[in-house]
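Line by line, the protein sequences are chains W and P. Per the numbering used here, residue 1 is the first one in the first sequence, and the count goes up by one each step. Per the numbering used here, residue 1 is the first one in the second sequence, and the count goes up by one each step.
Among the hints, erroneous ones may be present.
Counterexamples of contact, computed for chain W against chain P with all Cβ distances above 10 Å [said to hold, decoys possible]: (1) 20; (2) 44; (3) 50; (4) 58; (5) 59; (6) 70; (7) 87; (8) 136.
Computed beta-carbon distance windows for the label pairs [stated by the list, open to error]: (9) 125(W) x 440(P): 24 to 30 Å; (10) 269(P) x 125(W): 27 to 33 Å; (11) 365(P) x 77(W): 27 to 33 Å; (12) 14(W) x 441(P): 28 to 34 Å; (13) 77(P) x 144(W): 46 to 52 Å; (14) 77(W) x 466(P): 48 to 54 Å; (15) 77(W) x 367(P): 42 to 48 Å; (16) 125(W) x 205(P): 54 to 60 Å; (17) 371(P) x 77(W): 20 to 26 Å.
Because the hints were derived from the structure by calculation, they are not lab data. Think of the CB as a built atom: it goes at the ideal place given N, C-alpha and C, for glycine as much as any other residue.
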Amino acid sequence: MLNTTSAFITFHGKLEDETGAFYRSLASSGRYPEAEEAFLALARENGKHKETVLRTYREVITDAFEGGFPLFSLNEGDYQIQTELPEDASLSDALKRAADIEETSRRFCTDAAKSTSGLMADVPQAFEWVARAKARREKELESLR
Amino acid sequence: MVVLDEPFKEVRVLRNYINGEWVESASKVSVDVVNPALMKVIGKVPRSNAEDVDLAVRAAAEAFPGWRRTTPLARSRYLFRLKELLEENFEEISRVGTMEHGKTIDESRGETRRGIENVEVATGIPSLMMGYNLEDIARGIDEYVVRQPLGVFACIAPFNFPWMVPLWFLPYAVATGNTYVLKPSSETPLSMTKLFELIDEVGFPPGVVNMVHGGREVVGAILRHPDVKGVSFVGSTPVGRDVIYREAAAHGKRVQAQCGAKNFFVVLPDAAVDRTVASIMTSFYGNTGQRCLSGANLLIVGEDDFYGSFMARVKETAENIRIGYGLDESVQMGPLRSPDKKKKVLGYIEKGLEEGAKLTLDGRKFKLAGDYPEDCFLGPSIFEGVSEEMVIAREEIFGPVMSVMRVGGLDEAIKMINECPFGNSAMIFTSNGAASRRFQYEVDVGNIGINIGIVAPMAFFPFSGMKDSFFGDLHGQGRDAVDFFTSKKVVIVRWF
Chain W
1 MLNTTSAFIT FHGKLEDETG AFYRSLASSG RYPEAEEAFL ALARENGKHK ETVLRTYREV
61 ITDAFEGGFP LFSLNEGDYQ IQTELPEDAS LSDALKRAAD IEETSRRFCT DAAKSTSGLM
121 ADVPQAFEWV ARAKARREKE LESLR
Chain P
1 MVVLDEPFKE VRVLRNYING EWVESASKVS VDVVNPALMK VIGKVPRSNA EDVDLAVRAA
61 AEAFPGWRRT TPLARSRYLF RLKELLEENF EEISRVGTME HGKTIDESRG ETRRGIENVE
121 VATGIPSLMM GYNLEDIARG IDEYVVRQPL GVFACIAPFN FPWMVPLWFL PYAVATGNTY
181 VLKPSSETPL SMTKLFELID EVGFPPGVVN MVHGGREVVG AILRHPDVKG VSFVGSTPVG
241 RDVIYREAAA HGKRVQAQCG AKNFFVVLPD AAVDRTVASI MTSFYGNTGQ RCLSGANLLI
301 VGEDDFYGSF MARVKETAEN IRIGYGLDES VQMGPLRSPD KKKKVLGYIE KGLEEGAKLT
361 LDGRKFKLAG DYPEDCFLGP SIFEGVSEEM VIAREEIFGP VMSVMRVGGL DEAIKMINEC
421 PFGNSAMIFT SNGAASRRFQ YEVDVGNIGI NIGIVAPMAF FPFSGMKDSF FGDLHGQGRD
481 AVDFFTSKKV VIVRWF
């Protein structure tokens, strides 16, 4: 159960780390040379998204001392991502898996923004910004197909 | 559920920091520092004596002439470096705070950030410390004001915000050219020890900033020492008023004593219910009710239907608050600081029952998230049917207990708040601007929240307080702090 802002931030960081590792492994596998650069760029952006949300949280956690009481809890089971791919996965398979991951991350960020909206203004804004970036990434993945 | 790592596992043996060095206390006596969630000893803090205080004050007094001649810009650069180190150590500082106090990690991080913000504001001292002038106050004569530091200042810090409170004062004192002696709470001295490790790393000149651990003897020695020019204190009203304020004043010192509270949280029927309930949770139960800005009395205006549905939401949310060790990220309320403090709160719950209030949520029955000793834990409590004259409505409980009273309207709420001897904070939740303005205008308290549950002024504003909640003239933080730590010297100039 994710019921504090701290828990949201940690879970988000984990999602970004796992997603970044997923893209880096695709890039280094040698199986998808045509998408290698794009995968590496996506992985770098995962690090940026993690840092943006974490930095925002740390900068505004003082606003109202209300970080422990979001409007509603989230269930982390609803936002699990699958980063394993079979050895012989095609580019299309890999892109499909990536799109699923991005969709889950976007959904998490959107829900986290809603849940924290009653508390520190900048944290939901950061989650919304990252959610919009995930939507853009979904389109970018589509264009690689 | 993620339980964050503790930044240290060993029992830390603390020392004083005097004249730029870590030194043993002359007393050779120490007391245990206990993690209240685990009831485990995590430190040993010296019970210093008057000799230690004298050593620290003399070091500070000797450092003062050189430090006041260090330019404001150079002094602010020490604080810029400190700010960098605080950012680098942000997470460790916060986790130490949770270990020594018990508050949740979100709360500790908030406290850490607020402390850093005060350092940030104090770095602006070259601007903040400027005086003012006027040409031609008489023909050919000019007049100006300069601000000057006074010498050695001291801080006596509380247990409930062991990191943030000293930083309401210390950065401003040092930035304005004074030197400093800090006495942390002996219950929660570890985060200040971390601060002084970083101060040591910054490399302030020896004697500029000093720390003496201890209890009453240290407080008495600070108050009586002839070289201490002023004292900042945060703690209970009896100590602040009857000991700190009187003793410091009797010895010719400046004093600011920020004290106890009994804060009123007023809800009008047009309040945004979801957000009001979330704010009530943090206001009454955040920091386990151990803060001088905590909501204590909930005053509800409205008909039976509104009252019933609103209180049902409050109760449902409160009974679902997750209680446990603050390093567990799923925990929303930690323990009280010590078994004694829990006992005191339990006493108030008994008193409320004796006086006939209805305990609609009994915090004595709680479920812990995790396998921890229950010595310091207590769940959130709600008393309904409370009347103004009951002890639980008048005295500061300093724990997770809410006293609910129904009032006929805003007039009655304002009257009740103004009749209370305390004047720290009051909150109103409404969508009515006129009611809010009237509340702000007429209520005699220092910090007012309009749709804000914890009215914690930012570092660039004074942390106010009135009546029995504050003794002194100038508050902590911001421009008030600059005034407190400086004397204004007037110069009138005529050249022939």
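Checked hints:
| no. | hint | in the structure |
| --- | --- | --- |
| 1 | 20 | holds, 19 Å |
| 2 | 44 | holds, 23 Å |
| 3 | 50 | holds, 15 Å |
| 4 | 58 | violated, 6 Å |
| 5 | 59 | violated, 7 Å |
| 6 | 70 | violated, 8 Å |
| 7 | 87 | holds, 32 Å |
| 8 | 136 | holds, 29 Å |
| 9 | 125(W) x 440(P): 24 to 30 Å | holds, 28 Å |
| 10 | 269(P) x 125(W): 27 to 33 Å | holds, 31 Å |
| 11 | 365(P) x 77(W): 27 to 33 Å | holds, 29 Å |
| 12 | 14(W) x 441(P): 28 to 34 Å | violated, 49 Å |
| 13 | 77(P) x 144(W): 46 to 52 Å | holds, 50 Å |
| 14 | 77(W) x 466(P): 48 to 54 Å | holds, 50 Å |
| 15 | 77(W) x 367(P): 42 to 48 Å | violated, 22 Å |
| 16 | 125(W) x 205(P): 54 to 60 Å | violated, 43 Å |
| 17 | 371(P) x 77(W): 20 to 26 Å | holds, 24 Å |
Consistency with the previously given hints fails for numbers 4, 5, 6, 12, 15 and 16, ordered from lowest to highest.
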